[in-house]
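Engineer: One-letter residues, chain by chain:
2 protein chains.
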Amino acid sequence: MSSDPDRECPVDGLFLELNKLTFVKRGQLRLEHNGHRAGGIDQQEMVSSKKSAVLVDGVILNGPTTDAKAGEKFVEEACRLIMEEVVLKATDVNEKVCEWRSPEQLKQLLDLEMRDTGEPHHRLLELCQDVIRYSVKTNHPRFFNQLYAGLDYYSLVARFMIEALNPSVYTYEVSPVFLLVEEAVLKKMIEFIGWKEGDGIFNPGGSVSNMYAMNLARYKYCPDIKEKGLSGLPRLILFTSAECHYSMKKAASFLGIGTDNVCFVETDGRGKMIPDELERQIWQARKEGAAPFLVCATSGTTVLGAFDPLDEIADICERHGLWLHVDASWGGSALLSRKHRKLLHGVHRADSVAWNPHKMLMAGIQCCALLVKDKSDLLKKCYSAKASYLFQQDKFYDVSYDTGDKSIQCSRRPDAFKFWMTWKALGTSGLEERVNRALALSRYLVEEIKKREGFKLLLEPEYANICFWYIPPSLREMEEGPEFWAKLNLVAPAIKERMMKKGSLMLSYQPHRGKVNFFRQVVISPQVSREDMDFLLDEIDLLGRDM
Amino acid sequence: MSSDPDRECPVDGLFLELNKLTFVKRGQLRLEHNGHRAGGIDQQEMVSSKKSAVLVDGVILNGPTTDAKAGEKFVEEACRLIMEEVVLKATDVNEKVCEWRSPEQLKQLLDLEMRDTGEPHHRLLELCQDVIRYSVKTNHPRFFNQLYAGLDYYSLVARFMIEALNPSVYTYEVSPVFLLVEEAVLKKMIEFIGWKEGDGIFNPGGSVSNMYAMNLARYKYCPDIKEKGLSGLPRLILFTSAECHYSMKKAASFLGIGTDNVCFVETDGRGKMIPDELERQIWQARKEGAAPFLVCATSGTTVLGAFDPLDEIADICERHGLWLHVDASWGGSALLSRKHRKLLHGVHRADSVAWNPHKMLMAGIQCCALLVKDKSDLLKKCYSAKASYLFQQDKFYDVSYDTGDKSIQCSRRPDAFKFWMTWKALGTSGLEERVNRALALSRYLVEEIKKREGFKLLLEPEYANICFWYIPPSLREMEEGPEFWAKLNLVAPAIKERMMKKGSLMLSYQPHRGKVNFFRQVVISPQVSREDMDFLLDEIDLLGRDM
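As you go down the protein sequences, you meet chains A and B in turn.
According to UniProt numbering, the first sequence is numbered sequentially starting from 1.
According to UniProt numbering, the second sequence is numbered sequentially starting from 1.
Please note: incorrect hints may appear among the correct ones.
No copy is singled out in the list; a pair is fine if it fits within one copy or between any two copies.
[To be verified] In the DSS-like style, the derived pairs of lysine-lysine whose C-alpha atoms are separated by at most 25 Å in a straight line are:
1) K381 to K188
2) K395 to K381
3) K89 to K73
4) K502 to K89
Since the hints were made in silico from the structure, they are not lab data.
It should be emphasised that the depicted structure is a prediction, and the values quoted were computed from it without experimental measurement.
Please take these sequences and the hints and turn them into a complete structure.
Structural biologist: Shown next, in the form of structure tokens:
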């Protein structure tokens, strides 16, 4: 079809009531099916048994046009394919992590174009197979590239259910179960933070949670901003560690605060914010006439996995009357481990916490909560717009369960349900085990790196990020001067290219704050074993030993 | 487990290498399975065949701890349940749309609590069954409550695939297929808008798309805001119709512009923005020293389904040098119909368009694109934060495919894929048919409402929103004075309560701009037939005739 707006439909305005169906315009109607399952009669019978078939604008309106039986069969076949090609292969280390093709090659291999006419089911299933084949297997035991990995069977089931039920969580009337589940999960997470009560909301990503927190802190600082905006106000300023996630900059820019008004506080050798530096910068900002309103501490930084000293930072926030937000998107899951929760010591003093169960706890992308200590309905006050078509006040049930007005979104996915299902399946003890195991594996890897020639730790990790260089034989005798670092900088990208083309594993590399390219290994999934750690080092050595 | 931070793990710091596995601490380890499928040997064999079992911090690190076989079986059983209880029942009008329970009752019926120990699989499957039972069947042919409905088998398969593959679309290296699919879908949508080229991004909701557009327009107006923020700038002001979606207010507040700086332009009797009023308000704002930067037109308003006159609004925007954003979240899908695309006449003159295929085109929540006419990389300039751990510039492939820095999110779901699959399956002609059929059914319903006693149209609709009152027998002879309206206001909520408790259908009601509570019927799904329209009116009459 062309997108010419002036091309007219040939049967415009036709509105007929027919006692017998005599005319079916091809392309306008496909009555391939007996219609509602309830009927159980075939198409001819159905049409003639109706009191009258109705044709409006060239469209016959009796019975549905979808071929439900064929559609259901297609879903069943596709599910089988997904089980065989994705779920059953997820734990198989003999499968490739990725089947690398360049963008140009992949465009040739995939039939991406959308056409006037549709494709038959068998062709669609081939397409599905291609999509799976060339997609990265993020649930493969040797996918270590991001802060998520692995396959959790329970959250996967929850995710399938969500997709089949297709809910949106804004009102109790359309999402009764999922709203109650969200409430229960938030309550439990709040308990692990150590608050007596609180509020919260699940968001599409930790970046969005951080934005929510920044806006809440700003609202608390000056509620009038909601209506009046920032015009005429002093320069608002916030503080975060130099190792924080880049979403803090994005948030400051999006919220009209400006990236220049994000003060990056220096960190120590392990990537932790230096409290004295924070306080110095707050004084400095005040002296310059700016208005500090927020400190963001990070529990589990993206690259180094560092944890800011929350207790000392909370002291400073108290002294200066500043909102303390803790970005625990990555590190928050340590709260479930009695052994490791000390990493977040003092988190209960935060005003808000971002925590993503889709990372260490494998709830599936995305599953991200913002938790708020305040119980005066701050989220609702800050975010509500009171749409009368959605949040009617004269409903027959308690409308305090219509929590959609706490959100910047209108439709919202029930992400809490994914985490809930895993929690139900494993119990708190099972979740704790996962965290403990991932961190034990990390420790094992660290010790192995220390033992092996050609591997060099960047720093002693606190969490599941293990940052290290691989030093190929040709560089091992070289002095660590500018030439050495320049050459070492090329090693990780070159090994990464080789591992992706081979498809044997995936882990990320990056330069970081003056350090040349190094690998960042991340351990998450319980499908990962000590053998995979050994393989990782063997494989990097194998891929890089001729460099 | 308690969340007491000081409770210590009993086996702290233990790091042993064992030649023979002799000690398994209960609760720390569950080696129920033979580990990696590749091995194919049982647990005892596996442990003893390894060169050495390793115990770190009380955790045995050899082999994975997940019981993959049991997990896979659970997924298979759950999939069967989902097929039977959700997918196969979706087209059955004899099923209930909802199984209403109050929040208090539902909390009793569902076992929501998360405990220390997990639940066995059979219990989890019962929980899944309960979740399905008490969830609203949004894919039921008689769910008309929101601007989404129905079951699209193709997008459903795409959604299952997404969940199984668990990708995040920010870099080509982790999401090669899905990034190319997004590019292809955006290109096609841009073609239907009528632009020669453009850019875009899929977002978690039309509200977020509207925020993106507002921020882009602001960036275009003054790029310095990204770094400097709004402090010290004149009062930015934007214009939108009085019938616009509430997300415009949310966006203005979130972005630091302030809701007072959203000027609501008056609409005509059909809910369309009055262009002369717009121009008058722009002059007025300038006179007051404010800085207009954006006009948002709506194509398909939420309640009335009205389409603003885009061509005339575009003229005004051109004259005043203002960014024109079209919120076509709901109405954009009309672009696929040669018959109905005239509703958006002039849309090609917009600077940005929000369009949600998850609504009329049933791509599943959420599937929402923001399309941008500019091709100077405005999205990237406005949103980039250049995180070096993700967007390394020394990768071995063309990093222009790493589009994640155009987004406010970090992880992002590949929502375009859901729409792509449906488009591939139906072709453009099949999508066009769906739109034509939904609007033909709407016309049918309108004519039926006009014929029936006790039903009164609010206004002649342009699109798939049919707004009407049901006037119960006791009010039919009453004069349309204050008492009549006060009584009529109570009717829709009372009927809604009855229909939900019966579970026979769901449609929404609302008061709106001086009009007392009325029903808003929305037609979307091709599973809906003329019989369902008749049922709707019969059922409302049945439920309300004693009022």
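Engineer: Please go over all the hints and tell whether each is borne out by the structure.
Structural biologist: Verification of the hints:
1. K381 to K188: within (23 Å within a copy, 40 Å between copies)
2. K395 to K381: The answer is within: 21 Å in one copy meets 25 Å, while 45 Å across copies does not.
3. K89 to K73: both (23 Å within a copy, 14 Å between copies)
4. K502 to K89: within (18 Å within a copy, 45 Å between copies)
In this structure, every one of the numbered hints holds.
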